[in-house]
Amino acid sequence: DAKTTQPPSMDCAEGRAANLPCNHSTISGNEYVYWYRQIHSQGPQYIIHGLKNNETNEMASLIITEDRKSSTLILPHATLRDTAVYYCIVRVSNFGNEKLTFGTGTRLTIIP
Amino acid sequence: EAQVTQNPRYLITVTGKKLTVTCSQNMNHEYMSWYRQDPGLGLRQIYYSMNVEVTDKGDVPEGYKVSRKEKRNFPLILESPSPNQTSLYFCASKVQTDTEAFFGQGTRLTVV
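Here the protein sequences come in this chain order: S and Y.
With my numbering applied, the first sequence covers 151 to 262.
With my numbering applied, the second sequence covers 29 to 140.
Isolated chain S (complex conformation) (with noise of 0.2 Å):
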């Protein structure tokens, strides 16, 4: 299993752009990349994925290098609500089983 490494904290001014890096540096050619966060002790919540092209939603966008082994996801205009704990996962498949083997994520504080 591609394990992730996030840096445990970072700040944002309200406003700003919020890059949030992930290194899996093991990632296999088939495992894709999710982005999740959790906003004070509530249930996940999805925000993007993506296996090797850059990819875009309305929430973010998510950058993944050409070797694969490193993605930034990018929060355009950061604002208040988007204080939480975001999770860089790679999606593990065991017969079936799309188990999400969340780490500790990183805390992004946005600071009015």
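A portion of the hints provided could be inaccurate.
Distance condition first, Cα-Cα at most 20 Å in a straight line; then the derived EDC-like pairs of lysine to aspartate or glutamate [to be verified]: (1) S:153 - Y:87; (2) S:249 - Y:107; (3) S:249 - Y:128; (4) S:219 - Y:87; (5) S:153 - Y:107; (6) S:249 - Y:29; (7) Y:45 - Y:58; (8) Y:46 - Y:107; (9) Y:85 - S:248.
If you're looking for bench data, these hints aren't it; they were derived computationally from the structure.
Please read these numbers as outputs of a predicted model, since none were measured by experiment.
Knowing the structure of chain S, use the given hints to seat chain Y on it.
Then chain Y, alone, in the frame of chain S:
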């Protein structure tokens, strides 16, 4: 509104008193799963179900039971709760591989 509903949200119980935490989803998802979240350990999978009457153990199944008699419901049963099962529990559902998982709002269980 698409959602995963857990009940109760908060529960304090005594050691050995059987309890059930319910989970229901309204999205017709085949796949459902239970996680527990503890400080410093992230989310760990307890049990999962690929469809009705199909369940299997996750990483930390000891002390828990589940059932999947209907597609929408996936209750978590603690036959004889112990204090080390004090935790924050999340139910999740999804429809197929490579799509987002939807999480419930969580059940904070305290066993004294």
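So, going through the hints one by one against the coordinates:
1. The suggested pairing of residue 153 of chain S with residue 87 of chain Y holds, with an alpha-carbon distance near 16 Å, which does not exceed 20 Å.
2. About 24 Å separates the Cα atoms of residue 249 of chain S and residue 107 of chain Y, which puts this hinted pair outside 20 Å; it is violated.
3. With a C-alpha separation of about 12 Å, the suggested pair residue 249 of chain S and residue 128 of chain Y falls inside the 20 Å cut-off, and the hint holds.
4. For the proposed pair residue 219 of chain S and residue 87 of chain Y, the alpha carbon gap of about 26 Å is over 20 Å, so the pair is violated.
5. Note on residue 153 of chain S and residue 107 of chain Y: the hinted pairing is violated, with a Cα-Cα distance of about 34 Å set against a maximum of 20 Å.
6. Pair hint residue 249 of chain S plus residue 29 of chain Y does not hold up; C-alpha atoms about 25 Å apart against a cutoff of 20 Å.
7. For the suggested pair residue 45 of chain Y and residue 58 of chain Y, the alpha carbons sit about 31 Å apart, so the restraint of at most 20 Å is broken.
8. A distance of roughly 5 Å separates the Cα atoms of residue 46 of chain Y and residue 107 of chain Y; the hinted pair therefore holds under the 20 Å criterion.
9. For the hint linking residue 85 of chain Y to residue 248 of chain S, the alpha-carbon distance of about 12 Å falls within 20 Å, and the restraint holds.
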